[in-house]
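**Q** Listed below, chain by chain, are the residues.
There are 4 protein chains.
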Amino acid sequence: MQIGMVGLGKMGGNMAERLRRGGHEVVGYDRNPAISDVGSLRELVDRLQAPRTVWVMVPAGDPTRTTIERLGELLSAGDLVVDGGNSHYRDDQVHADRLGARGIGFVDVGVSGGVWGLREGYALMAGGAPEHIERLMPIFTTLKPPGEDGFVHAGKVGAGHFVKMVHNGIEYGMMQSLAEGWELLEASDLVTDVLATFRSWRSGTVIRSWLLELLVRALEEDPHLSELKGYAEDSGEGRWTVQAAVEHAVPLPAITAALYARFTSRQADSPAMKMIAALRNQFGGHPVAS
Amino acid sequence: MQIGMVGLGKMGGNMAERLRRGGHEVVGYDRNPAISDVGSLRELVDRLQAPRTVWVMVPAGDPTRTTIERLGELLSAGDLVVDGGNSHYRDDQVHADRLGARGIGFVDVGVSGGVWGLREGYALMAGGAPEHIERLMPIFTTLKPPGEDGFVHAGKVGAGHFVKMVHNGIEYGMMQSLAEGWELLEASDLVTDVLATFRSWRSGTVIRSWLLELLVRALEEDPHLSELKGYAEDSGEGRWTVQAAVEHAVPLPAITAALYARFTSRQADSPAMKMIAALRNQFGGHPVAS
Amino acid sequence: MQIGMVGLGKMGGNMAERLRRGGHEVVGYDRNPAISDVGSLRELVDRLQAPRTVWVMVPAGDPTRTTIERLGELLSAGDLVVDGGNSHYRDDQVHADRLGARGIGFVDVGVSGGVWGLREGYALMAGGAPEHIERLMPIFTTLKPPGEDGFVHAGKVGAGHFVKMVHNGIEYGMMQSLAEGWELLEASDLVTDVLATFRSWRSGTVIRSWLLELLVRALEEDPHLSELKGYAEDSGEGRWTVQAAVEHAVPLPAITAALYARFTSRQADSPAMKMIAALRNQFGGHPVAS
Amino acid sequence: MQIGMVGLGKMGGNMAERLRRGGHEVVGYDRNPAISDVGSLRELVDRLQAPRTVWVMVPAGDPTRTTIERLGELLSAGDLVVDGGNSHYRDDQVHADRLGARGIGFVDVGVSGGVWGLREGYALMAGGAPEHIERLMPIFTTLKPPGEDGFVHAGKVGAGHFVKMVHNGIEYGMMQSLAEGWELLEASDLVTDVLATFRSWRSGTVIRSWLLELLVRALEEDPHLSELKGYAEDSGEGRWTVQAAVEHAVPLPAITAALYARFTSRQADSPAMKMIAALRNQFGGHPVAS
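Residue numbers (my numbering), protein chains in the order written: chain A, 1 to 290; chain B, 1 to 290; chain C, 1 to 290; chain D, 1 to 290.
Isolated chain A (complex conformation):
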């Protein structure tokens, strides 16, 4: 089918490519004229036949908000907007309401796949009305990996981004668990072949997983990760997971531990631990490192 794609960066560009390979007609728009098929959002909308479908794949926050507002002005009743970016799930209902007031549909889609998606397919998690999801199924089917999994209609508007957010929260916790185990093995005098241990775990164990395979690949490149700094960004979705959990009074100790470990990794020095040092010094005359 025909679809407009707004945002042709690493994610959007590859998704457009996968859609074209799958036989769809993609009209792409990007702020960068060198990679854009059209000169403006208006031109994009003009190039599409009604009822139109426009997939927005731009950074979360203001870029997404601005794009969707502009599309709300340009599109017509019966058209459909998809937000495939990493938006916060609360933004989705705002967008749906605003577009809905003009008769335009809205679907939010959490997309997982990173650099692997073009070749292997993108895991898709959608939220929205059944009739909108229905219309998008040819697109979803092409983007997702082959087989019966890799796509879900998770619930109402917002559900796509909500479940993608939780997916990432789980990912934080699983990565942290593997990383903690690796650190402990590296610290042991008994264990002399840590890489071979992780390699062996790829078969027959409870923890076999794609992350374990990536871990082995990373250790094959650099067996003690001596080339790396222990510094990890967080993408925002880990934070949102914890904040959503706090709102829902759901305890997330392992996932939160993973998020906090990332926060700590980015501190040149820990203010809290300065205070611990200061307090120890006050009550015990413990020496402080300065």
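Honestly, the hints are just simulated from the structure, not real lab data.
Here a beta-carbon is modelled for each residue, glycine too, at the ideal position from N, C-alpha and C.
Simulated pairs of lysine-lysine, DSSO-like, Cα-Cα distance not exceeding 27 Å:
| # | chain 1 | residue 1 | chain 2 | residue 2 |
| --- | --- | --- | --- | --- |
| 1 | C | K229 | B | K229 |
| 2 | B | K10 | B | K229 |
| 3 | D | K229 | A | K229 |
| 4 | D | K10 | D | K229 |
| 5 | A | K229 | A | K10 |
| 6 | C | K229 | C | K10 |
Anything over 10 Å on all C-beta distances counts as not near chain A; from chain D, calculated:
| # | residue |
| --- | --- |
| 7 | A50 |
| 8 | R65 |
| 9 | G100 |
| 10 | K156 |
| 11 | R202 |
For chain A, the structure is supplied; the task is to place chains B, C and D on it using the hints.
**A** Chains B, C and D alone, transformed into the frame defined by chain A:
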């Protein structure tokens, strides 16, 4: 090759069976005469040709200690004992020293596989001297899953149980991460199909894993787990992982969170939270539930 | 000085009383006519001489918002509104902007004191412009405990509620630490007099504190807290502390642990732990409690 | 009364001094002849009248074990040994058994006080038989702070060190809670006077405590702790608290978080976070800092 197997319970019995299917001659001993090939440990030893190999597969702690001590009396220089149970890694050096004084070899093996092992193979993690590992390779090759993974010679005596322990620690953290994510999805009003969400994640996502597949299977049997109580035992290895980490000054926040969640799950009521309630009542006149 | 007090519940009523005892003229308004000095907010405003000061002491959220909006309509330029409730610090700037547009000042005050405040004084933490704080000093001086401490002008509008929020976060962590220690002592076979232990700690130790004194008082009433349930509400400020920390990328592992322990205490059964039980059952045939 | 004191370092020396000021006769022994009253342990024992009391105040572990073993050889039935060091509670029963076989009594005492103890008194927590505690009461009474608190007979042999250990665990959690709150206040744009905030909290708040007073003192010396490094040792007792909790299946999330924060503070770089960075790079092409 020929091997003695001590302990023919769920694990040992199935391992003996997999070894026999693989062409090995297994002489099994169990306290339960109904399933034992021989009447005593002495008879087991007599039935084996020197140099003998005896695999001990009995509960960790006293049963394992007693069995290995008895074997130390019965076996001869050049024989080899394998502890395939869930022993603590510190016990291994004790056993190796005691047996070594009589010229008997010792290898510790962490075994993962549970109810799936007979059919799919057991993941094996071994610690010991290279020449002992070498002698056992025909056994390991039959027990482990097909393919290049599923077995590792991880290091010195103790390393097998140490890495198996850490494997289980990682397992605790990964399970907890998935469980937390599931609880948060269940708590959300937006998400209407949690089972379908987890199903879809089996393809194309970062968190695809065997545990995720088990989770889907569990939800297919009981979509909201309403038949279950939130009560989880711990096998000991999670505790040992945390204690070893504390000894090595390695922070394990996610894995420890998983262990503590299990502790809490087994308390009819939390003493600590009684104290929180009591304190709130003292300073704020907050009502307490009694 | 003269002041209007809106909300004469447990907190507001006692604060009005403490102000009166300190020689101030308090005109109180409450929705409950039985305890109200005036029949309406309008009447309250009419009774005060310009420039007026009105202290709002009603539940956080809608009641506070509605009250402040109404006061914005009734008051005049030069008047001053104080929000002494448990409002979120983000609400303060909204209120200050709205009132400021009409020339009305705004100060936020976090108030600690609970049932002890009337007699011993309330700890006050204020945010706002120096000239507004200045005007309120006679009120603050009467409300706060005697001595040089117990009051702070912490910063800009919002700072009062922010630091009160963090105070409560610290309180969560300190209470949890004491509660965990108590639970561990109760679990020990060696320790035969837990109450006497805590009593003794009131002198000469690093952990001597008001909370420790309250803990002793609680144990004196009920030595093993057998009359209580391990069920603890959270007042909202603990949640806000964690959410603010996540926003600021500040790791708060101990305070968050305390918050999550309260969440868990309120669950009849833990969904996450049901999932752990389900997963254990899937991979290991571990028996589940149902 | 008469007492021998073994170990005249910072703690033992000051305790001997406090005892002398209290009218006791102290014979001190230290490896350092410059500060020792006698030339050997044997000479110490010879100088004391039977039934003798010897207080051991040397570093935990081997020094304490060696000293107590040697005293076991030198002392006679009816004598009494006190271990006032930071020994692990499990060692106490070993010592008590060994000494008891020769008719010598044993009492373990956890001592808190640091640099403040000489002037203000030491908080003492004792474990042992009532008749031994009874004999030591004149000593305890002089060492402890004035007033009814500051000493407890907590239970059996081992209980003194156990409760001291838990005291320190609670201390870790309370310090961490304060440190986390301070870090969050420092991170806020709204709060302009963090030091004044903590100062004010010394009166009327729930968190008023000796640690809060020390915190204020530390900030008065260095308002943003810019002279300190965020590096904190742990004394061993925090680790033992967590290990004891794991053994007793008691969840200690806040105290453990405090311990792990110290571990992390001492790592030049976090191995676990290197792995997180490596994994992010593998699946997402996220840039890594190297």
